[in-house]
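Undergrad: Dock chain B against the given chain A, drawing on the hints supplied.
There are 2 protein chains.
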Amino acid sequence: MKKLFTILFILLFVFGCNEKPAETNSLDNPEIQDPLPSWNEGKSKQAILDFVTKTTKEGSPDFIPEADRIACFDNDGTLWGEQPMVFQLSFAMDYIKKEASTHPEWQTKEPFKSALAGDMKAVMAEGEQGLLKLVMASHTGMTTEQFDQSVRDWVANSRHPVSQKPYTQMIYTPMLELLNYLRANGYKTFIVSGGGIDFMRVWAEEVYGISPYQIIGSSVKVKYEVSEDGTPSLVKLPELNFNDDKEGKPVAIHQHIGKRPVFTAGNSDGDYAMLEWTSTGKGYPRFGMIVHHTDSVREVAYDRNSPIGHLEKGLDDASKYNWLIVDMKTEWKKIYPFDN
Amino acid sequence: MKKLFTILFILLFVFGCNEKPAETNSLDNPEIQDPLPSWNEGKSKQAILDFVTKTTKEGSPDFIPEADRIACFDNDGTLWGEQPMVFQLSFAMDYIKKEASTHPEWQTKEPFKSALAGDMKAVMAEGEQGLLKLVMASHTGMTTEQFDQSVRDWVANSRHPVSQKPYTQMIYTPMLELLNYLRANGYKTFIVSGGGIDFMRVWAEEVYGISPYQIIGSSVKVKYEVSEDGTPSLVKLPELNFNDDKEGKPVAIHQHIGKRPVFTAGNSDGDYAMLEWTSTGKGYPRFGMIVHHTDSVREVAYDRNSPIGHLEKGLDDASKYNWLIVDMKTEWKKIYPFDN
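Sequence lines, in order, name chains A and B.
Residue 1 is where the first sequence starts when you use the working numbering, and the numbers rise one by one after that.
Residue 341 is where the second sequence starts when you use the working numbering, and the numbers rise one by one after that.
Think of the hints as simulated: they come from the structure by calculation, not from any bench.
In this text, all values refer to a predicted model and were calculated from it rather than measured experimentally.
Fair warning: there could be bad hints in the mix.
Said to hold, decoys possible - Across the chosen pairs, the derived CB separations fall in these ranges:
#  : chain 1 : residue 1 : chain 2 : residue 2 : range
1  : B       : D390      : A       : K43       : 53 to 63 angstroms
2  : B       : L655      : A       : N157      : 14 to 24 angstroms
3  : B       : P405      : A       : E225      : 25 to 35 angstroms
4  : B       : P647      : A       : E239      : 52 to 62 angstroms
5  : A       : S101      : B       : L655      : 29 to 39 angstroms
6  : A       : E206      : B       : S636      : 35 to 45 angstroms
7  : A       : N40       : B       : D390      : 22 to 32 angstroms
8  : A       : K109      : B       : D656      : 30 to 40 angstroms
9  : A       : F63       : B       : R492      : 19 to 29 angstroms
10 : A       : K320      : B       : P405      : 44 to 54 angstroms
To be verified - Listing some non-contacts, in silico: residues in chain B with all C-beta distances to chain A over 12 angstroms:
#  : residue
11 : E517
12 : E545
13 : K669
Claimed, not checked - Derived lysine-lysine pairs resembling BS3-like cross-links, with alpha carbons at most 25 angstroms apart:
#  : chain 1 : residue 1 : chain 2 : residue 2
14 : A       : K223      : B       : K561
15 : A       : K246      : A       : K221
16 : B       : K563      : A       : K259
17 : B       : K561      : A       : K282
18 : A       : K221      : B       : K563
19 : A       : K282      : B       : K563
20 : A       : K259      : A       : K57
21 : B       : K437      : B       : K383
22 : B       : K622      : A       : K221
23 : A       : K221      : B       : K561
24 : B       : K660      : B       : K673
25 : B       : K660      : A       : K223
26 : B       : K586      : A       : K223
27 : B       : K561      : A       : K259
28 : B       : K622      : A       : K223
29 : A       : K259      : A       : K320
30 : A       : K313      : A       : K282
31 : A       : K313      : B       : K563
32 : A       : K221      : B       : K437
33 : B       : K397      : B       : K673
34 : B       : K599      : A       : K221
35 : B       : K438      : B       : K449
36 : A       : K113      : A       : K133
37 : B       : K561      : A       : K246
38 : B       : K437      : B       : K453
39 : B       : K599      : A       : K259
40 : B       : K586      : B       : K622
By construction, the Cβ of each residue, glycine as well, lies at the ideal position given by its N, Cα and C atoms.
Bound conformation, chain A alone (with noise of 0.2 angstroms):
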């Protein structure tokens, strides 16, 4: 079951938030007003003022040059939420009773005929390889433009099943600030997320304020073809390209940013690794951070026990990494922007 569960975060999946172009980076006096408002004065907010401040100051011993100020950022459970369910498996979810229409054949076959009804554990009963099936039937077989499109009529259209809010709201405030405060310090902020690439950039720029070229995920295969009539196309493949987990991450940041980060953010231990390359890098101090989802009457209180955003090594290491381990509960003054 817990194979299950991995194979959620293997496959998937990510959603979104609100705010401005990666590129502005200046030293902006980030001292005039309080660049993380939604978050309690406390040690997690120092600490990350402090890291900002010593790397940014000519001169200092902590000094790190503005080119290698690359931020990594898990999004499912860092960024966003991943309850009850990986958002885009909401999304593969909801395609299927979309398109059902157009194939007849899945009212009858697995994962597909429970998926129609809406039944997950009987979707999950059919394990790896019926989750497999429907993210392939709802991710490949079409051009990446439709697959954009499919995404974007998606996130248009769909509410979170909780919170009645659209998945693009289900971002965490403070973590937008963050994103915000280290950008406008020079900082270039990436996603390095086990969500789906594709499935994430339709979204995240507007959202997150981060262009699709600093976004990293799962991918399937992309196969160029030419039509008769002489128009190109990228047509998605039911064949996994790369899966951007675990040590997988730290291999996607090597190939995609080619520079070791300086601070990553995470949430579970499929962050782990990649948490792991940071902190151990040389020449810069660095930083790592995980954010805790101990908030059981905002959010959702989770961690060793939870199959979704597992979080086990991560805890039982931070002292030895110096990871900061973010209480959201008591140093988030708010979590979602529709909070109060």
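TA: What follows is chain B alone, placed relative to chain A:
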């Protein structure tokens, strides 16, 4: 034989130039002084100026928002030279010589034996597999940090066989001006090269002002490993990950950038697909250009009959797609930085 040279591109490689951070991108009164001083007045210079002017003028029907100003450049033969041998192959050959003492078996084993003797003809006679062996021996079986250092040393100490200049001076001054001009007007400049992504990233940030995460190229697989004492590293494996040539280029653009370019520059049929992908995009004006190697005195004249930088389809279809053919001989005042 043609196939052999093709593999030069397919497997390989690339090298360097000289410039500014990729992130200065506001409209800085490009009119005040000539942004392209090494370009003679004429059709190419005018076409570039016209395109940038109309796409950056707010209110113009041709206006392109800054977030969508994506410009892609091939490297070998487009930003720097590629004769008499793709530069990354020189790196591979030099590496074999440098490491020969630790590999006594190379003295008797092809293609290493011929590479050590500097006998390129015999190396070529070994075919694709032979070249692949040289590439894998010089590019894999080491950590990414070790590889970076190996490239850094080579860049510092090697010289181009004809000019006797460092390879990082074998760059086209007019193209550097073009990169700067585009960036000064809010364009993001990317390299999309058949050359090795890790090879280029070592020097291209300093030389072209292009950040590693805006450099795309061919790659081998990389593995994240943690040693017994807890030190993680990324190890380059002798297995091709991605071949960033021909139809691979639009695929790589999708996977890395996630947006369709509006401006693309190449010089060979290896760039045809990315030029086609660019020029058939909808909604915005598009600009495709081909650097045509016509100067046998200051550089090397080659196109349809050359195995290196083979250009045939691109010339045939240039008018169909309105691609600008840049005549190096008549349109470039100077080619290399060291030219008078």
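Undergrad: A separate judgement is required for each hint: does it hold in the structure or not?
TA: For each hint, the structure was consulted:
1. B/D390 / A/K43: 53 to 63 angstroms: holds, 56 angstroms
2. B/L655 / A/N157: 14 to 24 angstroms: violated, 48 angstroms
3. B/P405 / A/E225: 25 to 35 angstroms: At 28 angstroms between Cβs, range holds.
4. B/P647 / A/E239: 52 to 62 angstroms: Given a distance of about 33 angstroms, which is not inside 52 to 62 angstroms, the answer is violated.
5. A/S101 / B/L655: 29 to 39 angstroms: violated, 49 angstroms
6. A/E206 / B/S636: 35 to 45 angstroms: violated, 51 angstroms
7. A/N40 / B/D390: 22 to 32 angstroms: At roughly 55 angstroms between Cβ atoms, B/D390 and A/N40 fall outside 22 to 32 angstroms, so the hint is violated.
8. A/K109 / B/D656: 30 to 40 angstroms: The hinted range 30 to 40 angstroms is violated for A/K109 and B/D656, with Cβ atoms some 48 angstroms apart.
9. A/F63 / B/R492: 19 to 29 angstroms: Between A/F63 and B/R492, where Cβ atoms are some 22 angstroms apart, the hint holds.
10. A/K320 / B/P405: 44 to 54 angstroms: holds, 45 angstroms
11. E517: Its Cβ never comes within 12 angstroms of chain A, the nearest being 22 angstroms, so this holds.
12. E545: violated, 7 angstroms
13. K669: holds, 32 angstroms
14. A/K223 / B/K561: holds, 20 angstroms
15. A/K246 / A/K221: This hinted pair holds, its Cα atoms lying about 20 angstroms apart.
16. B/K563 / A/K259: holds, 15 angstroms
17. B/K561 / A/K282: holds, 24 angstroms
18. A/K221 / B/K563: holds, 20 angstroms
19. A/K282 / B/K563: This hinted pair holds, its Cα atoms lying about 20 angstroms apart.
20. A/K259 / A/K57: holds, 21 angstroms
21. B/K437 / B/K383: The hint is violated at about 46 angstroms.
22. B/K622 / A/K221: Given pair B/K622, A/K221 holds - Cα atoms ~24 angstroms apart, limit 25 angstroms.
23. A/K221 / B/K561: Holds, at about 15 angstroms.
24. B/K660 / B/K673: Not OK: B/K660 and B/K673 at ~28 angstroms, beyond 25 angstroms, violated.
25. B/K660 / A/K223: Answer holds: B/K660 to A/K223 is near 24 angstroms, not above 25 angstroms.
26. B/K586 / A/K223: At roughly 12 angstroms apart (the allowed maximum being 25 angstroms), A/K223 and B/K586 satisfy the hint.
27. B/K561 / A/K259: holds, 16 angstroms
28. B/K622 / A/K223: holds, 20 angstroms
29. A/K259 / A/K320: With Cα atoms ~23 angstroms apart, A/K259 and A/K320 stay inside 25 angstroms; holds.
30. A/K313 / A/K282: holds, 23 angstroms
31. A/K313 / B/K563: holds, 21 angstroms
32. A/K221 / B/K437: Cα-Cα ~38 angstroms, so violated.
33. B/K397 / B/K673: violated, 28 angstroms
34. B/K599 / A/K221: Holds, because 16 angstroms separates the two Cα atoms, which is no more than 25 angstroms.
35. B/K438 / B/K449: Roughly 16 angstroms separates the two Cα atoms, so the pair holds.
36. A/K113 / A/K133: holds, 12 angstroms
37. B/K561 / A/K246: With Cα atoms ~16 angstroms apart, B/K561 and A/K246 stay inside 25 angstroms; holds.
38. B/K437 / B/K453: Holds. B/K437 to B/K453 sits at ~10 angstroms (cutoff 25 angstroms).
39. B/K599 / A/K259: holds, 22 angstroms
40. B/K586 / B/K622: Distance ~21 angstroms between B/K586 and B/K622 Cα, so the pair holds.
Violated hints, listed in ascending order, are 2, 4, 5, 6, 7, 8, 12, 21, 24, 32 and 33; each of the other numbered hints is respected by the structure.
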